[in-house]
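Chemist: Following the hints, put chain P in place on chain E, whose structure we already have.
There are 2 protein chains.
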Amino acid sequence: MCQLLGMNCATPTDITFSFTGFAARGGNTDHHADGFGIAFYENRGARCFIDNTPCCQSPVAELIKRYPIKSRNVIAHIRKATQGALELENCHPFVRELWGRHWLFAHNGDLKAFEPALRGDYSPVGQTDSERAFCFMMEGLRARFGTHEPDDAALFAAVAELTAQLTRYGVFNFLLSNGRCMLAHCSTRLAYITRAWPFQVAHLVDTGTSLDFSRVTQPGDCVSVITTKPLTDNETWTPFKTGELLMFADGRRQHSEQIAIPEAIQRANRENLACA
Amino acid sequence: MCQLLGMNCATPTDITFSFTGFAARGGNTDHHADGFGIAFYENRGARCFIDNTPCCQSPVAELIKRYPIKSRNVIAHIRKATQGALELENCHPFVRELWGRHWLFAHNGDLKAFEPALRGDYSPVGQTDSERAFCFMMEGLRARFGTHEPDDAALFAAVAELTAQLTRYGVFNFLLSNGRCMLAHCSTRLAYITRAWPFQVAHLVDTGTSLDFSRVTQPGDCVSVITTKPLTDNETWTPFKTGELLMFADGRRQHSEQIAIPEAIQRANRENLACA
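These protein sequence lines map, in sequence, to chains E and P. All the letters of the first sequence, read from the start, carry residue numbers 13 to 288 under the working numbering. All the letters of the second sequence, read from the start, carry residue numbers 13 to 288 under the working numbering.
Just chain E, same shape as in the assembly:
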């Protein structure tokens, strides 16, 4: 499977520190060597960097580590392919536009035999179950709200409904953002941390490096980082519950819902995870 990294912040923040630890898992400290991607929102704009070379060797990943892009929402993904060839078109995050916003989506999991009848508003470019799921969600949002962008509460409820339909097909950990908020769902494994004043030193598991956040932050800063496996070993990360969907905005957890995943699916997911 893959690994996910998301960041939602109150003020534009660079993700260089977290990404350095995360990137090491793309073929160095872990075996997710089938490509990677990272996307940053800057105001309404989004930049999406993807590469189908291992993250630990990619010149694009090197650029990201050296070029501190300040963003309020970031999604990154390192790929261990389960479905779809090692082509650029299958690298996450995927991007589509809805309501004049770029939407970004990355998935860690495996949806078995998920072949939705899409209307054609959004069509997959590549061959992954992940991009099919994203197109299904985007079509679902468009079908519910038409051309009128909903508020965060209505958006959250709609994403929860769509997620409940998708979790029946298998492992569906995902990150989804529209540049304002970040939605994160856990069907097997995901954890988050919210860093706010007073900031502390953080120590990366994967590279052994430390950063004293109190030296690079302001009192109003607030940052939530969401990831498959905690990036630091001297802080307390909160594991998501199985089936939990959270919405983060302004750096903090804002909405939550527990999505029921049938017991048979949970059992199959655990077995799938054990094989990954």
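Don't read these hints as lab results, they were simulated from the structure. Please note: incorrect hints may appear among the correct ones.
Below 16 Å or equal to it, Euclidean Cα-Cα: the simulated EDC-like pairs (lysine to aspartate or glutamate) are [stated by the list, open to error]:
1. P:82 <-> P:262
2. E:92 <-> E:42
3. E:82 <-> E:262
4. E:253 <-> E:269
5. P:82 <-> E:99
6. E:77 <-> P:218
7. E:77 <-> E:218
8. P:77 <-> E:74
9. E:82 <-> P:99
10. P:82 <-> P:233
11. E:253 <-> E:275
12. P:77 <-> P:218
Modeler: Below, chain P without anything else, positioned relative to chain E:
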């Protein structure tokens, strides 16, 4: 205004040489210093690098010069803003998905008072006339063909019709690609060159460097390069006629149509160009 660079090839080719000359115009040999973008197709996938810093100083542009990405279709743009702030969301190329393909669009020009009533299939994220024109074209293609992707001849005819509507609003030089073919329209200034066997030495105007293409090519290679101002000074570039729309595929010019631009608009465009 801005400058455009496009490449359409028979076989995957890197654009490092042409981009090096072109990038110098982003604040060095020319004054297009309000951001830049370059996008590459690799099979069905697309990578779009954009930056709202001057191209000649951008770490992203440096990466592109050092990282030879092989592609059959590339679109690049350096920006001299006429409409829209210097934000990332206003950097070209713009990307949207249609018929399971990524479409890329970049514009050099200025469409006055162009405020189309869009259906909402595609909505602008930023504030430029260029992105509005792109959304108008994508909606126009979707409205004509629904969920069925047309062949190249039908696509070309539809783009010609849509272009004729848009040229009434002002200067509309553009490049548009779906990863298979490249469409290029000239309302004021655009030129192209097709390089095929036997390949020659090319000498860049902007950097003074030369490359002997005969040493880095195969007999079957064929590459068309399209740009606002010719990049080399020892080759014969073909200027587009005013109003000409061309489609390139497999590295060669395939379809052409002369779009009638009313004389009053042509006169206003020439005056607009004189001010740029």
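Chemist: Each hint: holds or not?
Modeler: Now for the hints, and whether the structure bears them out:
1. Distance check on the hinted pair: residue 82 of chain P and residue 262 of chain P sit about 14 Å apart at the alpha-carbon level, within 16 Å; holds.
2. For the proposed pair residue 92 of chain E and residue 42 of chain E, the alpha carbon gap of about 10 Å is at most 16 Å, so the pair holds.
3. Note on residue 82 of chain E and residue 262 of chain E: the hinted pairing holds, with a Cα-Cα distance of about 14 Å set against a maximum of 16 Å.
4. At roughly 10 Å between alpha-carbon atoms, residue 253 of chain E and residue 269 of chain E fall within 16 Å of each other, so this suggested pair holds.
5. With a CA separation close to 13 Å, the supplied pair residue 82 of chain P and residue 99 of chain E stays within the 16 Å bound.
6. The suggested pairing of residue 77 of chain E with residue 218 of chain P is violated, with an alpha-carbon distance near 31 Å, which exceeds 16 Å.
7. Distance check on the hinted pair: residue 77 of chain E and residue 218 of chain E sit about 15 Å apart at the alpha-carbon level, within 16 Å; holds.
8. Our distance criterion of 16 Å between C-alpha atoms is met by residue 77 of chain P and residue 74 of chain E, whose separation comes to about 15 Å.
9. Of the pairs offered as hints, the one joining residue 82 of chain E and residue 99 of chain P holds, with about 13 Å between alpha carbons and a cut-off of 16 Å not exceeded.
10. Between residue 82 of chain P and residue 233 of chain P, the direct Cα distance comes to roughly 13 Å. Compliance with the 16 Å bound is thereby established for this hinted pair.
11. This hinted pair checks out: residue 253 of chain E and residue 275 of chain E have alpha carbons roughly 14 Å apart, not beyond 16 Å.
12. A distance of roughly 15 Å separates the Cα atoms of residue 77 of chain P and residue 218 of chain P; the hinted pair therefore holds under the 16 Å criterion.
When held up to the earlier numbered hints, the structure conflicts with hint 6 and nothing else.
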